[in-house]
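Enquirer: First to last, the sequence lines map onto chains A and B. The working numbering applies: residue 497 is where the first sequence begins, and numbers increase by one. The working numbering applies: residue 2 is where the second sequence begins, and numbers increase by one.
Worth flagging that the hints you see were computed from the coordinates, not collected in a lab. Beta carbons are placed, not taken as given, at the ideal position from N, Cα and C, and that holds for glycine.
Simulated restraints, written as ranges between beta carbons of each label pair:
id, chain 1, residue 1, chain 2, residue 2, range
1, A, 674, B, 94, 22 to 30 Å
2, B, 99, A, 526, 19 to 27 Å
3, B, 128, A, 607, 26 to 34 Å
4, A, 674, B, 73, 44 to 52 Å
5, B, 128, A, 513, 33 to 41 Å
6, B, 160, A, 641, 20 to 28 Å
7, B, 162, A, 601, 25 to 33 Å
8, A, 674, B, 160, 35 to 43 Å
9, A, 604, B, 109, 48 to 56 Å
10, B, 154, A, 500, 46 to 54 Å
11, A, 680, B, 143, 49 to 57 Å
12, B, 163, A, 657, 29 to 37 Å
13, A, 513, B, 150, 36 to 44 Å
Subject to a maximum C-alpha distance of 20 Å in a straight line, what follows is the list of computed SDA-like cross-link-like pairs (lysine to any residue):
id, chain 1, residue 1, chain 2, residue 2
14, A, 633, B, 108
15, B, 160, B, 170
16, A, 513, A, 591
17, B, 13, A, 664
18, B, 13, B, 75
19, B, 104, A, 546
20, B, 160, A, 630
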Amino acid sequence: MKRRDASIWQLYLTFLKIGGLTFGGGYAMLPMLQREVIDIHHWVTEEEVLDIYAIGQCSPGIIAVNTATMIGYRKRGIPGAIAATLGEVTPSLVLITLLATILLQIQDNIWVQRAFGGIRVAVCALITQSVITLSKKSLIDIPTVLLYIATVAATLVFSLSPLIVVPFAILYGLAVQRIKRRKA
Amino acid sequence: MIYFELYWEFFKIGLFAIGGGLATLPFLYTLAETHGQWITSSDIADMIAISESTPGPIGINMATFAGYQAAGPLGGLIATLGEITPSLIIIIFIARFLGQFDKNQYVKDGLYGLRSAVVGLISYAGLKLFGSTLLLNGSIRIKETLLFLVLLFLVLRLKKIHPLYWILLGAALGIVLHLPS
Chain A
497 MKRRDASIWQ
507 LYLTFLKIGG
517 LTFGGGYAML
527 PMLQREVIDI
537 HHWVTEEEVL
547 DIYAIGQCSP
557 GIIAVNTATM
567 IGYRKRGIPG
577 AIAATLGEVT
587 PSLVLITLLA
597 TILLQIQDNI
607 WVQRAFGGIR
617 VAVCALITQS
627 VITLSKKSLI
637 DIPTVLLYIA
647 TVAATLVFSL
657 SPLIVVPFAI
667 LYGLAVQRIK
677 RRKA
Chain B
2 MIYFELYWEF
12 FKIGLFAIGG
22 GLATLPFLYT
32 LAETHGQWIT
42 SSDIADMIAI
52 SESTPGPIGI
62 NMATFAGYQA
72 AGPLGGLIAT
82 LGEITPSLII
92 IIFIARFLGQ
102 FDKNQYVKDG
112 LYGLRSAVVG
122 LISYAGLKLF
132 GSTLLLNGSI
142 RIKETLLFLV
152 LLFLVLRLKK
162 IHPLYWILLG
172 AALGIVLHLP
182 S
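The task is simple: from the sequences and hints, build the whole structure.
Expert: Structure follows, in structure tokens:
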């Protein structure tokens, strides 16, 4: 398949569309991304998208933003990366700013307070579901379960900062895998 | 100046939150502890609800919302720019110098550890959320807790339903049941 060129403006608009039509970012964006950058614009191949998405998942930052940056960079260098990324976050900036403004005006209303009283409970259920789904993928053996327990205990009981947990967990992963390979 | 401080705090979140929008949650709770005048723990529950039911990446929605709470519309913009700056720098670096970054053995090994810690960090954020929603001064809020158990049962049963609908159902039930109790 022949890959087509992209202009800075096209990159901005395409990622604006992806950002504005995806609910939930990261994991929900893949089908929309494939449609736009493969089927419609022919900017990258199917395999490239999956590679880029995999890199986006394991790099620091928001997955959707990482993916936009990478595709923008491949098409148009640094200006392309910036254009695609700004496109991806524009809908959030506009919609959330509007909603936050409205919400601050009406937050003292009794109906709004009751609605949010229920919404918070629903959010608790949704977070629990996310944790269960993620656990199945990430807690795969004894060392990962131990690290999970240690993380919850350290943050909740000892108020350890997540900024310390993240680098420690990376070193832990490197060490455990090295020991495993030595034993094998 | 508040804008520099906002930019820096969200820059750190963008740099350390790996693995999607929810991974930024524990950092927001830390922010609520260190910068209580910006956001409080109870704001975060509302932020998650708004962010999950609005288009756009959840992490970015929450950054915009938190920045707005702290310093108005410009604060929302600054926080979001802060959060995306590390991505821009790191991804451009990877694209230029480390082609098959995700297939590198060290990256895989590091992620093996990181993934379980991220679930731990999200669990920590979830427990904080339970604390502000299901408890009141250390005792259990009966209505909320019962509703939580019912909703959790349904959410786990009906996995295909989009979070937006659960949030709308939560809003309706909150009005009917006169929450928060």
